[in-house]
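There are 2 protein chains.
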Amino acid sequence: MPKFLNENEAEILRKIRGLILDLDGVLHIGPRPIEGLQTFMDFAFRRSLKLIYVTNNSTLTPEALCERLSGFGIQASETQIITSATATARYLTEVFPDGGEVFLVGEEGLHQAVNGAGFEISDKKPLAVVVGLDRHIDYQKISTAATAILNGARFVACNVDSGAPKQGGIAPGAGSMVAAIQAVVQIPPVEIGKPEPRMFHEAVQRLGLDPEECAAIGDRLDIDIASAHLADLPSILVLSGMTDPEMIEGSLYPPDLIYEDIVEMVNRWELSLGVPRL
Amino acid sequence: MPKFLNENEAEILRKIRGLILDLDGVLHIGPRPIEGLQTFMDFAFRRSLKLIYVTNNSTLTPEALCERLSGFGIQASETQIITSATATARYLTEVFPDGGEVFLVGEEGLHQAVNGAGFEISDKKPLAVVVGLDRHIDYQKISTAATAILNGARFVACNVDSGAPKQGGIAPGAGSMVAAIQAVVQIPPVEIGKPEPRMFHEAVQRLGLDPEECAAIGDRLDIDIASAHLADLPSILVLSGMTDPEMIEGSLYPPDLIYEDIVEMVNRWELSLGVPRL
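These protein sequence lines map, in sequence, to chains A and B. Start counting the first sequence at 1; every next residue gets the next number (my numbering). Start counting the second sequence at 1; every next residue gets the next number (my numbering).
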């Protein structure tokens, strides 16, 4: 049942000109587009909303993500996409403007982002060790990463996600690889992905809007909504993904608005605009 | 320089009839026996000291450890050896007296101990997931372990050692594998190895002595000495391994006695007995 969470619901929605969207649990559920995705995309087009897709996934390149989104019926350009891998590459260029060598624990998306930002991938005296989800993790990689960090390389985590349910089990996330290395070096990493606000700051910058004209939509309190809070952005929780309503009470970071899914959001939004649905 | 740490040094030493010995850093340094090892072994024989070797190493079987010790000039029987793998197997038999299936992340020593205790090694609905050092760790093992734990299997860590220095770097310890899985399941494991006191309790039991007649010798404050404190045993720190004297001040678990190495310990011990060295 739709309900007003606070008196400002209409006010929040009317102000929004740019949306920062999480993917899985919001626009698609695993391999399937979410029901009503086209309704949402049509609404966004009519309202001229600027959209940007922000994901902790560091395994895919922006190109591969565009292709995946296209399979769900979403046409996006690479400039609309921020992954924890591209955000990590950006962080590295800020900290090491002269480039240099970086050791990676990660997959293609991370490799291409860091390499494309002008860094050489190497295990010889790297400036930084960058860790994302790596489904080919092994003992030697953990050892090489830990040794480099203990020798002074900066320890950078694309994100510390614990993992996601998959058919018949759980798929460990980047947080698993990060923890394996952290346990050896006993030093915490610099974190780039959500819930750190860094990616949302970059998203606002790319949207070219004021923060109060933007809102972040996600399905997870501890990742998406926390990140929006830390970036001082209005936040919208959808219940179509990993969050049950009973998890909301007592959450450290309460969302500004809560909807069953993006279709209910569109309905409420149109109501707030005084525009009847066709 | 030998010095009396407290007035009870002589009293502590004179009481000791059984020694619980750590290996690396105490009796050998990596691949080499420690200088004066024979002096120590001769003294122990003359005093009829009962010796038991307790190690967090879960990769070797007691048989393989006896062989390794023999290479250092120490003749030990398998009953004198407690590894975190044999202690884990004992724990499992206490908790699951009827046996059952167990999933392992570990090497030969762990496999043989758990299998030898009557458990079947399996990833199908295991009662427990047991994690030790595994230099063949991979993504699938982390995923299988995490899935089993989330399905209710007990999460058991042989130990949570961070790792050890090796030629040109660091060799990650069991703690790295444990952390990789713990980050996914977000549940802490039952810990068996030092600093948990479980192995020292078993050592005292095997020695058949009163706790005050035993002492634990080790080279690490956070592992060996902490474990002795938690097991209420007198503790002896030797500085021949991983601990520098400046680390002692402010340690949560101060050792009862501190010596450069086991040779200095023997010298002080003989002094305390009023027996001149030959």
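What the hints contain is simulated information worked out from the structure, not anything from laboratory work. Keep in mind that the hints are not guaranteed to be accurate.
Unchecked claim - EDC-like mimics (lysine to aspartate or glutamate), calculated; alpha carbons at most 20 Å apart, straight line:
#1 K15(A) - E249(A)
#2 K166(B) - D232(A)
#3 K166(B) - D138(A)
#4 K15(A) - D42(A)
#5 K166(A) - D222(B)
#6 K166(A) - E107(B)
Bear in mind that the values here come from a model prediction, so they are computed numbers and not experimental data.
List of violated hint numbers, smallest to largest: The structure breaks hints 1, 2, 5, 6; every other hint is satisfied.
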